[in-house]
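If you read the sequences in order, they're chains A and B. Residue numbers for the first sequence follow the numbering used here, so the first one is 1 and each next one is one higher. Residue numbers for the second sequence follow the numbering used here, so the first one is 1 and each next one is one higher.
Warning: the hint list may mix true and false statements.
Identical chains blur together in the list; that is why a pair holds if it fits in one copy or across any two.
As a list, the in silico BS3-like pairs of lysine-lysine whose alpha-carbon atoms are at most 30 Å apart [stated by the list, open to error]:
(1) K6 with K339
(2) K203 with K158
(3) K286 with K2
(4) K339 with K5
(5) K6 with K286
(6) K286 with K77
Calculated directly from the structure, the hints in this document are not laboratory data.
Protein chains: 2
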Amino acid sequence: MKETKKKLEELGEEVVKDINSGKNPDIDIPVRSLSNVIYDEKTQMLTLGDKISKRIFFNVAHAKPFMQTLLVAAFCKELVGEGVHTSLRDLYYALKRTLPNSNENTFDEQSESDPLIVDLEVTLDILREQLHLGADVRGRAVGNVIIKDRGDTIDWSKLGSGGWAIPSNVEDVEIKNVDADYIIVIEKNAAFERLHEDRFWQKNKCVLITTQGQAARGVRRTIQRLSDEFNLPVYVFADSDPYGWYIYSVIKYGSISLAHVSDRLGTPKAKYLGLTMTDIERFDLKNFTIKAKDVDIKRAQEMLKYDWFKHPKWKNELEIMLEKKYKAELEALSGKGLKFVTETYLPDKIKNKDFLP
Amino acid sequence: MKETKKKLEELGEEVVKDINSGKNPDIDIPVRSLSNVIYDEKTQMLTLGDKISKRIFFNVAHAKPFMQTLLVAAFCKELVGEGVHTSLRDLYYALKRTLPNSNENTFDEQSESDPLIVDLEVTLDILREQLHLGADVRGRAVGNVIIKDRGDTIDWSKLGSGGWAIPSNVEDVEIKNVDADYIIVIEKNAAFERLHEDRFWQKNKCVLITTQGQAARGVRRTIQRLSDEFNLPVYVFADSDPYGWYIYSVIKYGSISLAHVSDRLGTPKAKYLGLTMTDIERFDLKNFTIKAKDVDIKRAQEMLKYDWFKHPKWKNELEIMLEKKYKAELEALSGKGLKFVTETYLPDKIKNKDFLP
Numbered sequence: 001m002k003e004t005k006k007k008l009e010e011l012g013e014e015v016v017k018d019i020n021s022g023k024n025p026d027i028d029i030p031v032r033s034l035s036n037v038i039y040d041e042k043t044q045m046l047t048l049g050d051k052i053s054k055r056i057f058f059n060v061a062h063a064k065p066f067m068q069t070l071l072v073a074a075f076c077k078e079l080v081g082e083g084v085h086t087s088l089r090d091l092y093y094a095l096k097r098t099l100p101n102s103n104e105n106t107f108d109e110q111s112e113s114d115p116l117i118v119d120l121e122v123t124l125d126i127l128r129e130q131l132h133l134g135a136d137v138r139g140r141a142v143g144n145v146i147i148k149d150r151g152d153t154i155d156w157s158k159l160g161s162g163g164w165a166i167p168s169n170v171e172d173v174e175i176k177n178v179d180a181d182y183i184i185v186i187e188k189n190a191a192f193e194r195l196h197e198d199r200f201w202q203k204n205k206c207v208l209i210t211t212q213g214q215a216a217r218g219v220r221r222t223i224q225r226l227s228d229e230f231n232l233p234v235y236v237f238a239d240s241d242p243y244g245w246y247i248y249s250v251i252k253y254g255s256i257s258l259a260h261v262s263d264r265l266g267t268p269k270a271k272y273l274g275l276t277m278t279d280i281e282r283f284d285l286k287n288f289t290i291k292a293k294d295v296d297i298k299r300a301q302e303m304l305k306y307d308w309f310k311h312p313k314w315k316n317e318l319e320i321m322l323e324k325k326y327k328a329e330l331e332a333l334s335g336k337g338l339k340f341v342t343e344t345y346l347p348d349k350i351k352n353k354d355f356l357p
Numbered sequence: 001m002k003e004t005k006k007k008l009e010e011l012g013e014e015v016v017k018d019i020n021s022g023k024n025p026d027i028d029i030p031v032r033s034l035s036n037v038i039y040d041e042k043t044q045m046l047t048l049g050d051k052i053s054k055r056i057f058f059n060v061a062h063a064k065p066f067m068q069t070l071l072v073a074a075f076c077k078e079l080v081g082e083g084v085h086t087s088l089r090d091l092y093y094a095l096k097r098t099l100p101n102s103n104e105n106t107f108d109e110q111s112e113s114d115p116l117i118v119d120l121e122v123t124l125d126i127l128r129e130q131l132h133l134g135a136d137v138r139g140r141a142v143g144n145v146i147i148k149d150r151g152d153t154i155d156w157s158k159l160g161s162g163g164w165a166i167p168s169n170v171e172d173v174e175i176k177n178v179d180a181d182y183i184i185v186i187e188k189n190a191a192f193e194r195l196h197e198d199r200f201w202q203k204n205k206c207v208l209i210t211t212q213g214q215a216a217r218g219v220r221r222t223i224q225r226l227s228d229e230f231n232l233p234v235y236v237f238a239d240s241d242p243y244g245w246y247i248y249s250v251i252k253y254g255s256i257s258l259a260h261v262s263d264r265l266g267t268p269k270a271k272y273l274g275l276t277m278t279d280i281e282r283f284d285l286k287n288f289t290i291k292a293k294d295v296d297i298k299r300a301q302e303m304l305k306y307d308w309f310k311h312p313k314w315k316n317e318l319e320i321m322l323e324k325k326y327k328a329e330l331e332a333l334s335g336k337g338l339k340f341v342t343e344t345y346l347p348d349k350i351k352n353k354d355f356l357p
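With the rest of the complex left out, here is chain A (with noise of 0.2 Å):
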């Protein structure tokens, strides 16, 4: 906390540095368009970049946002002083004013705050949260862990069907002892609530945790900070569709809007479990296939030029999607029995380390 509120204090203190020495104002900030992300091989990550862009007050296109970001680290410097945090939507209205004798609005949407958080989040490189700002809640989660949050001991193994609710903001979450040898993250909530019913994380000493749908930026920091704290390697179990694989590969790697905290967000060390395009296949599930859609189709074909899906496993993957034009989702496999998942396919695919890198 008192170092965010330092880089806050510093960003306004050049400012006034400049002001004072008649130096017309400017603020450096990353630049975060898809031209300045790179995937970092040696770390397996997604970074920004050297780009900069420079925000300055004395220029016609300029002075606007330069005046916004200003009020925008302003408001964060009192949420950190004051102990408290907020949504992206609360700090929009909190700014939104007109400016006195003009018609000129701070903000006139909400599309012009959002953007102006991910610039102090790069230029200052700390996390939003904690700027004290929440993202989207989703997310459960069950298994042998102890955590400590607000003064709570919270045990995940002892709050029977509904598992931890995963807040936005996990950075004050001390996770205090797991008991797990790895960790299954799950893009259906439904999926997660089989294999807790049959108390798969008891019976496989490993820990469960539901992204329901895209990983809201809380979960990926909890796999990360779970995955790294206690060093649990962590595997994916998600659709056989691009939007499945592109869930894996942001909680891998990163993602391309938020590339400069994938250090904070990433894991690169998990593995892709499931559902593929060769269960399909290995599993005799062509009965339960969706056509794949045109957004589909377009989807596959953009990341068989990522970098980081060139691996001949994962270029099979996408072309055998191209070819058949379907998917299959992970209830497909309910066709096989609905025990199956946690009596064959998921423990089978464990012993064997039968991933997807």
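Got chain A sorted already, so can you dock chain B onto it with the hints?
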């Protein structure tokens, strides 16, 4: 569980009896369309009227749905017998197959199996949850509440920042103890998190529940059970727009599409706390309003016709919206400062019983 199994068995036995006595088997299914949905002034709930349609085996139009209905019922009997829960999508995949010596599939789309489950609910007068079929999961809760779920004793006041993740099925959850004077149900998670961070539930001795949008069945049932079993008033806090008001009305009266289960999901004593159109005037929030979309206008016009929105206070709200053509979100209150909601707005409204019916 026994009762559910018995009802499913009786359904099958009736059909077998018809066959053995040479009759054309049929199933009586209450009609679920709007034409058969009635607002019952006495119970203050949406219920089904007494229109019945027959699904007949020897009938070209009915033969397939008849067979599908029995497949779904047989599958549910298996779920209940084995003590296994699953999702609507899993059921669809588990039952999807090609009939031997034909090109005919049992089901081609999930849209064929989903309504049959509701048919079973209505026909057998049981909840989908009792058929062991889960619905969407969304929703979190916090407060001085102790429950027992799958053998675990869970204290909602000791779950850190995340709160309790409300599962899709709360039929087997036992509510052991509640120390609270009322329940606040909040449409948006961000507002819930803000209140939770300020420990509003502790300072004001209440239970906080977020629906995260339209309330899932598990959340509706949780609200009803908490309120009924512990005689607690329920106050709903939603956006000032037709979508937010409809969320309220579904919690209170039930929904049109699930009118047959209003008595088990609805909470007629719920009151609407805010946000209202009149709040926008009173708290000078006009700068924070959003232009109403066509869909808002259309929705408000429909709602004016609903018997359960006929109260003059609601008529007034809807008419203001249609006249001003704007709406406001909960976050608009952040324009008055981040602590305005917890320190002024909510305490004042509750103290003065300033609710809409």
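Verification of the hints:
Taking the shortest Cα distances, K6 and K339 sit within 30 Å of each other only across copies (24 Å), while inside one copy they are farther apart (54 Å). With identical chains, the CA atoms of K203 and K158 are at most 30 Å apart both within one copy (15 Å) and between copies (27 Å). Proximity of K286 to K2 under the C-alpha cut-off of 30 Å is found in neither arrangement, the shortest distances being 56 Å within a copy and 37 Å between copies. Only between protomers do K339 and K5 lie at most 30 Å apart by alpha-carbon distance; the minimum there is 21 Å, versus 51 Å within a single protomer.
Within a single copy, K6 and K286 get their C-alpha atoms no closer than 58 Å, and across copies no closer than 36 Å, so neither meets the 30 Å cut-off. Taking the closest pair of Cα atoms, K286 and K77 come within 30 Å of each other only across two copies (27 Å); inside a single copy the shortest separation is 55 Å, beyond that limit.
Taken one by one, the earlier hints fail for this structure at numbers 3, 5, listed in ascending order.
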